[in-house]
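*Asks:* Listed below are the residues making up each chain.
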Amino acid sequence: MNPRLFSATVLFLVAAFLIGPFIIIVAASLSAGETLAFPPQGFSLKWVAKVFEVESFRESFAMSMLLAVGGTAAALTLGIPASYALSRYHLPFGEAVRTVVALPIIVPGIIVGLALLRYLVVPFNFNITLALFLAHTALVLPYSVRVVSASLNNLRSDIEEAAVLLGSSRAGAFFRVVMPNIRSGILAAFILGFVTSFNQVPVSLFLSGPGVRTLPIDMLSYMEITYDPSVAALSALLAFMSIGIVFLAERFLGFSRYV
Amino acid sequence: MFHSRAEALALALPAAVFAAVIFLAPVVILLSEGLRNADSWTISAYTGFLSDPLNRTVFLRTLKLGAMVTALAAVIGYAAAFAIVNLPAKGKGRMIGLVVLPLMISPVARTYAWIVILGRTGIVNQALTSIGLTDEPVRFLFTETAVFVGLLQLFLPLMILALISALENMPKDAIPAARVLGANWFQVFSRVILPLTREGLVIGGTLVFTGSLTAYITPAILGGSKILMLETLLYQRVTVANDFVSASVIAFILIVMSFAANLLLKRLATARSKR
Amino acid sequence: MSDSAFLSLEKLTLAYGDTVAVKDLDLSIQKGELVAFLGPSGCGKTTTMRSIAGLLKPKSGRIRLEGADITHVSANKRSVGLVFQSYALFPHLTVFENVAFGLRLKGISGAELEVRVVSGLNSVGLTKFANRKPAELSGGQQQRVALARSMVMEPKVLLLDEPLSNLDARLRLEMRTELQRVQRDTGVTMIFVTHDQGEALSLADRIVVMLNGAIEQIGTPEDIYNSPASAFVADFVGFENIFPIENGRLRAGNGPIELAGPLPHDAAGLAWRPRMLTLGSGPFQGTVRGASFSGSAREYLLDTPFGTLKAEVDAALPAHCAGAALAFDLPIEKAAKLKRFN
Ligand SMILES: Nc1ncnc2c1ncn2[C@@H]1O[C@H](COP(=O)(O)OP(=O)(O)OP(=O)(O)O)[C@@H](O)[C@H]1O
Ligand SMILES: [Mg+2]
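Protein chains in written order, with our numbering: chain W, 1 to 259; chain Y, 260 to 534; chain L, 535 to 876.
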């Protein structure tokens with residue numbers, strides 16, 4: 001077989017496999033029919049509208065937003081100093097710190113959720129929302145350390161010394177010459193963390209209670225009741241939100257290099 | 260470089276302590292629960308768990324699906340990555356974007372789409388009936404096949420991306436050089452491309468394999484209670500039977516498998532590249 | 535330590551963890567001096583500079599500036615400038631802002647800031663580039679920004695780590711002159727590091743030759759060039775024929791060398807530049823192994839009973855071919871007397 005034709009075929013099939021389901025979801029959510037179907041039966045926006053009417057979706061969306069934004073911000077607050085210490089100092093037990101901080105990526109989220117439920121929430125009557133928040137922070141922490149470390153390692157460290165020799169304090173040097181140069185790394189870490197947290201299911205499975213539920217969990221339980229196209233509509237909306245964020249960030253990050 | 264230990268610790272400890280307290284400690288306690296019986300240490304929970312045929316089936320199915328998804332992802336991944344790397348710059352950027360895109364979309368949404376595709380009135384069944392292959396709709400949902408396809412769709416991008424970066428780091432002349440020396444395409448792949456991209460394959464393979472082992476959403480939506488995998492089994496044991504001992508055993512198995520996959524593949528990569 | 539010392543290092547020992555990089559270093563520098571640190575890679579030049587700047591705390595010993603002990607003064611309060619080998623410009627700031635960085639921290643702003651930055655840029659000829667980012671400058675221009683950034687701070691001591699090493703030959707000459715001019719105009723005390731003996735000889739008031747974390751010799755360029763203190767320094771500044779004195783006799787690799795006159799009794803060795811050998815007459819016989827012509831001179835490699843020697847004569851003299859037998863001499867009175875042989 002002609003190699004070019006072969007390549008084109010492979011690319012077409014892979015693209016169809018990866019993106020096709022997304023297109024089908026979008027189409028199915030615009031259906032006028034009562035059940036999930038493709039091709040859609042007629043065209044209407046009624047399922048899209050319904051998404052906004054379901055109260056539990058509104059609440060769980062707010063919860064997921066809160067966790068994703070707050071958890072990622074908290075993870076960066078912990079992760080940026082840690083990355084800095086790991087890349088610029090001879091840290092005693094540096095390897096141990098690196099490992100502990102990276103663990104949440106290796107250990108399955110469902111176990112973390114269960115462990116927190118069983119040993120924090122139940123025995124101490126700990127607030128579930130707070131437990132969820134801590135769990136999401138832990139989950140995002142490895143990503144924030146990894147991405148921020150990468151951009152710190154790409155930045156030469158002598159500019160901090162130069163800043164100090166020009167009269168800056170150590171902390172001043174960090175904020176004046178390090179931060180501005182790892183800004184896009186931090187933003188990338190934020191986006192990665194946000195998307196990870198927002199889409200996360202296993203960690204949140206056990207950490208839900210009355211009025212406390214993340215959006216993906218809410219969608220899963222809604223699906224158990226009905227197969228109407230509103231979940232498809234919600235999925236499509238979420239997908240567009242993610243794409244939008246990534247697209248904007250790309251523009252912004254790409255743009256910032258020239259400013 | 261700076262040499263103040265106190266400063267270094269002050270910067271790094273909050274994150275380390277946070278991860279240790281919020282994450283490590285509860286998980287360790289959970290794991291220890293499976294090893295305790297009244298006041299003594301025992302592995303009876305493990306032998307008990309594994310003697311139940313249902314549990315064994317789920318365990319083996321999880322391993323099998325993980326291995327199959329990884330293997331197929333590697334095959335498709337090489338073909339796709341190779342094609343993408345050889346595209347002109349603009350097309351390459353677009354294709355990479357297209358591969359990254361699904362990673363940003365909620366896995367719930369991505370998995371849900373398969374219900375539309377594989378359901379009783381889904382596209383596949385419509386196609387099959389319309390060309391007269393079947394009269395009755397074929398059951399796809401809640402089969403291993405559905406879970407397999409769902410997992411593959413979920414994790415294929417990770418493999419493709421890992422292989423793209425491995426292929427891009429390969430010396431440009433390696434393939435033409437091998438061709439000139441008389442290697443056929445199979446030899447080019449096994450003697451040149453594979454050894455030179457092994458690290459990328461290992462990274463991609465680890466991500467896909469551990470991702471599939473610890474998947475929850477896909478088996479939950481596409482497998483239901485018929486096709487349980489370890490995580491859905493864990494959830495069921497806890498919510499249906501309040502069985503925390505089994506949960507602890509499953510947790511242990513999941514963690515061990517994740518770590519083992521990481522270690523094994525890492526070792527494989529270093530051992531081979533030393534030759 | 536002399537009283538007039540402006541900057542002095544006293545028994546300075548510097549280490550990275552347990553590896554000692556510089557041991558018991560003593561050095562005093564006068565105000566307005568231009569001093570070169572010369573030595574092979576890894577001998578501790580950068581390390582010494584970093585400790586003068588305050589970026590590396592000494593393991594032991596003291597640093598004094600204008601008589602005051604600054605050993606424990608932190609780097610941002612020392613008024614010591616350092617031009618990094620890698621420039622260390624701030625990539626996110628324009629050339630103007632790079633130069634203004636330290637001044638702003640001093641609380642200078644508005645018209646005064648503008649004036650001082652512009653005059654700093656002017657002195658290195660970069661006024662036109664004020665609004666560029668470092669990445670948009672050539673290596674030489676970046677280096678000049680780094681120089682201006684340190685100079686506008688009016689430091690008491692300016693340290694330059696291999697300031698010319700990344701420049702092409704022409705720019706290197708230009709910057710040499712530039713450095714000398716800045717130093718003359720401002721009278722700033724300057725220490726610069728170099729690998730290149732030519733650079734050290736032509737620029738410095740005094741040269742500090744370092745080896746393995748210790749000072750091998752301190753002296754004016756003439757001292758170093760004409761009277762190297764050790765075999766290492768002799769080799770470093772171009773003496774090619776170097777022999778130790780053992781038991782009162784000059785020694786080649788394979789036996790003693792009997793010279794015409796008595797050996798200086800306080801020397802540990804003798805060294806000759808190729809130019810210093812007498813060719814065509816003398817007590818010794820050699821065979822020409824190879825010859826090369828460099829325009830103004832001819833250089834010969836001679837196989838002799840003392841091993842292979844290198845000799846150089848005026849190009850106007852008739853040439854000898856390989857294989858020719860030649861008489862030669864090692865005149866004692868011309869030899870450099872080495873105090874130490876290492
Ligand atoms: N960060 C460090 N950690 C450990 N050892 C170091 C470090 N920096 C330098 N050294 C060691 O200290 C010694 C002196 O190094 P230094 O950088 O001062 O040499 P140098 O004279 O500047 O060499 P060069 O001409 O190559 O720049 C060397 O043996 C070097 O290996
Ligand atoms: Mg150096």
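Just so you know, these hints were derived from the structure itself, not from any lab.
Any given hint could turn out to be false.
To be verified - Footprint (simulated), chain Y over chain W, 3 or more residues, beta carbon under 8 Å:
hint	region
1	57–69
2	102–113
3	133–142
4	176–189
5	204–217
Beta carbons are placed, not taken as given, at the ideal position from N, Cα and C, and that holds for glycine.
*Asks:* Next, verify each hint and record whether it holds.
*Replies:* Against the structure, the hints come out as follows:
1. 57–69: violated (count 0)
2. 102–113: holds (count 9)
3. 133–142: It holds, with 5 qualifying residues against the three required.
4. 176–189: violated (count 0)
5. 204–217: Coverage by chain Y holds for the region 204–217 of chain W (3 residues, Cβ < 8 Å).
Hints 1 and 4 from the earlier list are contradicted by this structure; the remaining hints agree with it.
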